[in-house]
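Heads up: the sequence lines are chains A and B, in that order. Just so we're aligned, residue 1 is where the first sequence starts under our numbering, counting upward by one. Just so we're aligned, residue 1 is where the second sequence starts under our numbering, counting upward by one.
Hints in this document: simulated from the structure, not taken from any laboratory. Please read all numbers here as calculations on a predicted model, not as lab measurements. It cannot be assumed that every hint is accurate.
Said to hold, decoys possible - Chain B side only, calculated, beta carbon under 10 angstroms to chain A, not exhaustive: (1) 19; (2) 22; (3) 23; (4) 83; (5) 86; (6) 148; (7) 151; (8) 162; (9) 199; (10) 225; (11) 226; (12) 438.
To be verified - Heads up, simulated DSBU-like pairs for lysine-lysine below, C-alpha to C-alpha not over 30 angstroms straight-line: (13) A/135 / B/310; (14) B/177 / B/469; (15) B/163 / A/192; (16) A/96 / B/439; (17) A/53 / B/330; (18) B/439 / A/48; (19) A/192 / B/165; (20) A/62 / B/439; (21) B/389 / B/247; (22) B/470 / B/177; (23) B/439 / A/53; (24) B/191 / B/330; (25) B/4 / B/191; (26) B/163 / B/261; (27) A/135 / A/62; (28) B/330 / A/48; (29) B/9 / B/261; (30) A/192 / B/92; (31) A/192 / B/9; (32) A/96 / A/135; (33) A/192 / B/4; (34) B/261 / A/192; (35) A/96 / B/163; (36) B/97 / A/192; (37) B/163 / B/4; (38) B/51 / A/192; (39) B/367 / B/389.
Built from N, CA and C at the ideal position, the CB exists for glycine as well.
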Amino acid sequence: MDAFNSHTGIVTPLDRANVDTDQIIPAEYLKRVERSGFGPFLFNDWRKLPNGKPNPDFVLNKAFYDTGTVLVTRKNFGSGSSREHAVWALMNHGFKAVISSSFAEIFHKNSFENGLVPVIVPDEQISIILERASKQPGYQIHVDLNNCELSDDHGLHIPFRIHEDDDTHAFRRNTLMNGLDSISLTLANENKITAYENRS
Amino acid sequence: MAGKTMFDKIWDSHIVDDPAGEPTLLYVDLHLIHEVTSPQAFEGLRLANRKVRRPDLTIATVDHNIPTTDRTLPIEDPISEQQINTLSDNVKEFGIKYYGVHSPEQGIVHVIGPQEGYTQPGKIIVCGDSHTATHGAFGALAIPLGTSQVEHVLATQCLLQEKPKTMEIKINGELPKGVSAKDVILGIIGKIGVDGGSGYAIEYTGEVIRSLPMEGRMTICNMSIEAGARVGMIAPDATTFNWLRGKNQVPQGDDFDLAIKEWEQLSSDSDAIYDTTIEINASELEPYVTWGTNPGQVLSIQDSIPDPAKMESAEEIDSAIRALEYMDLKPNTPITEISVDRVFIGSCTNSRITDLRAAAEIINGYKVNPNVNAIVVPGSTLIKWQAEKEGLDLVFKEAGFEWREAGCSMCLGMNPDTLDPHERCASTSNRNFEGRQGKDGRTHLVSPQMAAAAAIEGHFIDVREWEFKK
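Please model the entire structure based on the sequences and the hints provided.
Following this line, the structure appears as structure tokens:
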């Protein structure tokens, strides 16, 4: 997993709540056995018209927004299915961070495991970022995990968290910033696993 | 000191390591695998030259992709076939017990775990599938995983978890006639919302839960994730023990009675404190139908489609307008006037023998409406055989239903069972998301009884008023 410190990128606004993982990547595209190649199917059914051509009204098909690397959206993003393909599709497409007021739990964990930064800010701030991004195609935001702050060139400074719980926030911030892989962390404690197994 | 909840008891007894400020490392007793969320995990093991730590605690089956039609024929979709073959290659390479396409024990992963008796009280059970909480109906702590965590469990047999808060949902009283376990959970989701359970492990308690058979309890736990909760559980009792006794993988004979003694200790202590408690009176529950594109957009069969203009928050209004457009519904239309093109009885939510019996009881002596295509997809091959032994297949076929092989099928449409664009379906599954059952398909979630009645009438109808013919 790549380490993440900070990132500046174009914001793609998706002004919807409860976006479920079936929308992020529909089931028919989950059949690949690799972690790559899911990008073209990101938001497939919103992104394409029934004839398969790009839907010009969908944000990912609009100039500037199509090159966004920071997605901003409303609460409970990533609800529904546990498919990690949703995170892979976002990352394969080029997204580095998703800003929302809350994340569905399984998606939230999957993001940490892959290094997609789940940025949590209150609803009012989501509205501000959505508005700035919608009015100004190419609008950029700076996501800084060092001081956990979002900023832009127009004086915006918003503190953020990556988890509601303090311990989890600190732990996951550390693993993201150091690109730590959970399996290696756990296997460093293999003696404890063996001890547990021998106990019973 | 206050007593412990069942959640705490199981959590505490599985702690391998619990460093301050870090997630807890928990030991996993049972890891269930299927073809969709496992290939990248096995590939990860190979790349890192790792083994499966406990193949003896790992069970695999194939359910999401497989066709529900004649299985002696080759699979038409080459990518589905590759995913299925990848699983059968991986289980061979890593020495994992596998219930393949032609195994009599094959079925939906959350149906066969309990059916074979792998699912037992007090276990920590994981699966790369959001409906893993189903196993919580037996007093297990069942947790859904993404693929990276599947790989983590394969490699270490452990799971890193932040401890959730606990929520008790207590259903008091007695279920009214015609109101099923599915209606209980749809009612709960309608009440607390699609993220109301986020951050919590839910324990369902109360008289209604005690009165339900295991199948109904599984239906309720199964849809915990639709309320945002990864974990849903029910304390084991005599119903649980009687259901499990004699299953292939449970202790046999006197050992089973010894196991019961231990399992009886799992229930939450009477003075245990939950972080949140919600009480619901069963007499308020009705048969429900979802009208929108998430499971929280749900109404009683006696209601009419809501008017976004009368809603309060901007978010709710926006979401309702989108949902009504997608679902092609107009405000104030009575739910009973909505006609359906398709009916699907199946999925890990409602494909068990009691679900099939309940649906068959409704349709017995009737014919499926000529405008409706209706299918039944049993949850496992053994359930299919059981139903055939009871003659339920004949009831369905005589009424005009298609009687299929076991699998996830039209719940998510990874196999050929999908809705055509703009088709409307009464479905016993768990998600009414846009495109869930096929691109531009329209899903209404209901109980098996309500789905069966809709198949006959061609539109939704209140099963409380149903006239049984036989």
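Consistency of the hints with the structure:
1. Because the smallest distance between the Cβ of residue 19 of chain B and any Cβ of chain A comes to about 9 angstroms, under 10 angstroms, the interface hint for this residue holds.
2. With its C-beta approaching chain A no nearer than about 5 angstroms, residue 22 of chain B sits inside the 10 angstroms limit, and its interface hint holds.
3. Hint on residue 23 of chain B holds. Least Cβ distance to chain A is approximately 7 angstroms, under the 10 angstroms limit.
4. Look at residue 83 of chain B: its Cβ gets to within about 5 angstroms of chain A, closer than 10 angstroms, so that hint holds up.
5. Hint on residue 86 of chain B holds. Least Cβ distance to chain A is approximately 5 angstroms, under the 10 angstroms limit.
6. A hinted interface residue such as residue 148 of chain B counts as satisfied when its beta carbon comes closer than 10 angstroms to some beta carbon of chain A; here the least separation is about 4 angstroms, so the hint holds.
7. The closest approach between the C-beta of residue 151 of chain B and any C-beta of chain A is roughly 7 angstroms, which is under the 10 angstroms cut-off, so the hint is satisfied.
8. At its closest, the beta carbon of residue 162 of chain B sits 5 angstroms from a beta carbon of chain A; the interface hint therefore holds under the 10 angstroms criterion.
9. The beta carbon of residue 199 of chain B is positioned within 10 angstroms of a beta carbon in chain A (closest approach about 7 angstroms), and the interface hint is therefore held.
10. Nearest Cβ of chain A to the Cβ of residue 225 of chain B: about 7 angstroms, under the 10 angstroms cut. The hint holds.
11. Here the hint on residue 226 of chain B is kept, as its CB sits about 8 angstroms from the closest CB of chain A, short of 10 angstroms.
12. Of the supplied interface hints, the one on residue 438 of chain B holds, with its beta-carbon coming within about 9 angstroms of a beta-carbon of chain A, less than 10 angstroms.
13. Distance hint between residue 135 of chain A and residue 310 of chain B is fulfilled; the C-alpha atoms sit about 29 angstroms from each other, no more than 30 angstroms.
14. Our distance criterion of 30 angstroms between C-alpha atoms is met by residue 177 of chain B and residue 469 of chain B, whose separation comes to about 17 angstroms.
15. Simply put, residue 163 of chain B and residue 192 of chain A have alpha-carbon atoms about 19 angstroms apart, close enough for the 30 angstroms limit, and the pair holds.
16. As the CA atoms of residue 96 of chain A and residue 439 of chain B are separated by approximately 28 angstroms, the hinted pair is consistent with the 30 angstroms bound.
17. Proximity of residue 53 of chain A to residue 330 of chain B is assessed by CA-CA distance (about 29 angstroms); at most 30 angstroms being required, the pair is judged to hold.
18. For the hint pairing residue 439 of chain B with residue 48 of chain A, the CA-to-CA distance comes to about 11 angstroms; that is within 30 angstroms, so the pair holds.
19. The hinted pair formed by residue 192 of chain A and residue 165 of chain B meets the criterion: a straight-line CA distance of about 26 angstroms does not exceed 30 angstroms.
20. For the proposed pair residue 62 of chain A and residue 439 of chain B, the alpha carbon gap of about 22 angstroms is at most 30 angstroms, so the pair holds.
21. Of the pairs offered as hints, the one joining residue 389 of chain B and residue 247 of chain B holds, with about 19 angstroms between alpha carbons and a cut-off of 30 angstroms not exceeded.
22. Straight-line distance between C-alpha atoms of residue 470 of chain B and residue 177 of chain B comes to about 18 angstroms, which keeps the hinted pair within the 30 angstroms bound.
23. For the hint linking residue 439 of chain B to residue 53 of chain A, the alpha-carbon distance of about 15 angstroms falls within 30 angstroms, and the restraint holds.
24. With a C-alpha separation of about 23 angstroms, the suggested pair residue 191 of chain B and residue 330 of chain B falls inside the 30 angstroms cut-off, and the hint holds.
25. Between the alpha carbons of residue 4 of chain B and residue 191 of chain B the distance comes to roughly 27 angstroms, so the proposed pair stays at or under 30 angstroms and holds.
26. Distance check on the hinted pair: residue 163 of chain B and residue 261 of chain B sit about 27 angstroms apart at the alpha-carbon level, within 30 angstroms; holds.
27. Of the pairs offered as hints, the one joining residue 135 of chain A and residue 62 of chain A holds, with about 13 angstroms between alpha carbons and a cut-off of 30 angstroms not exceeded.
28. Proximity of residue 330 of chain B to residue 48 of chain A is assessed by CA-CA distance (about 26 angstroms); at most 30 angstroms being required, the pair is judged to hold.
29. Proposed proximity of residue 9 of chain B and residue 261 of chain B is supported: the alpha carbons are some 15 angstroms apart, at most 30 angstroms.
30. For a cut-off of 30 angstroms, the pair hint linking residue 192 of chain A to residue 92 of chain B stands: about 29 angstroms separates their Cα positions.
31. Taking the CA atoms of residue 192 of chain A and residue 9 of chain B, the gap is about 20 angstroms. The hint holds against a cut of 30 angstroms.
32. Under the criterion of a C-alpha separation no larger than 30 angstroms, the hint pairing residue 96 of chain A with residue 135 of chain A is consistent with the structure, at around 22 angstroms.
33. Among the hinted pairs, residue 192 of chain A with residue 4 of chain B is consistent with the structure: their alpha-carbon atoms are about 25 angstroms apart, no more than 30 angstroms.
34. A hinted pair counts as satisfied when its Cα atoms are at most 30 angstroms apart, and residue 261 of chain B with residue 192 of chain A qualifies at roughly 29 angstroms.
35. Distance restraint check for residue 96 of chain A and residue 163 of chain B: the Cα-Cα separation of roughly 27 angstroms lies within the 30 angstroms cut-off, and the hinted pair is therefore satisfied.
36. Among the hinted pairs, residue 97 of chain B with residue 192 of chain A is consistent with the structure: their alpha-carbon atoms are about 26 angstroms apart, no more than 30 angstroms.
37. For the given pair, residue 163 of chain B sits about 14 angstroms from residue 4 of chain B by alpha-carbon distance, which is consistent with the 30 angstroms threshold.
38. Among the hinted pairs, residue 51 of chain B with residue 192 of chain A is consistent with the structure: their alpha-carbon atoms are about 18 angstroms apart, no more than 30 angstroms.
39. The hinted pair formed by residue 367 of chain B and residue 389 of chain B meets the criterion: a straight-line CA distance of about 22 angstroms does not exceed 30 angstroms.
This entry satisfies every hint, going by the numbered hints stated previously.
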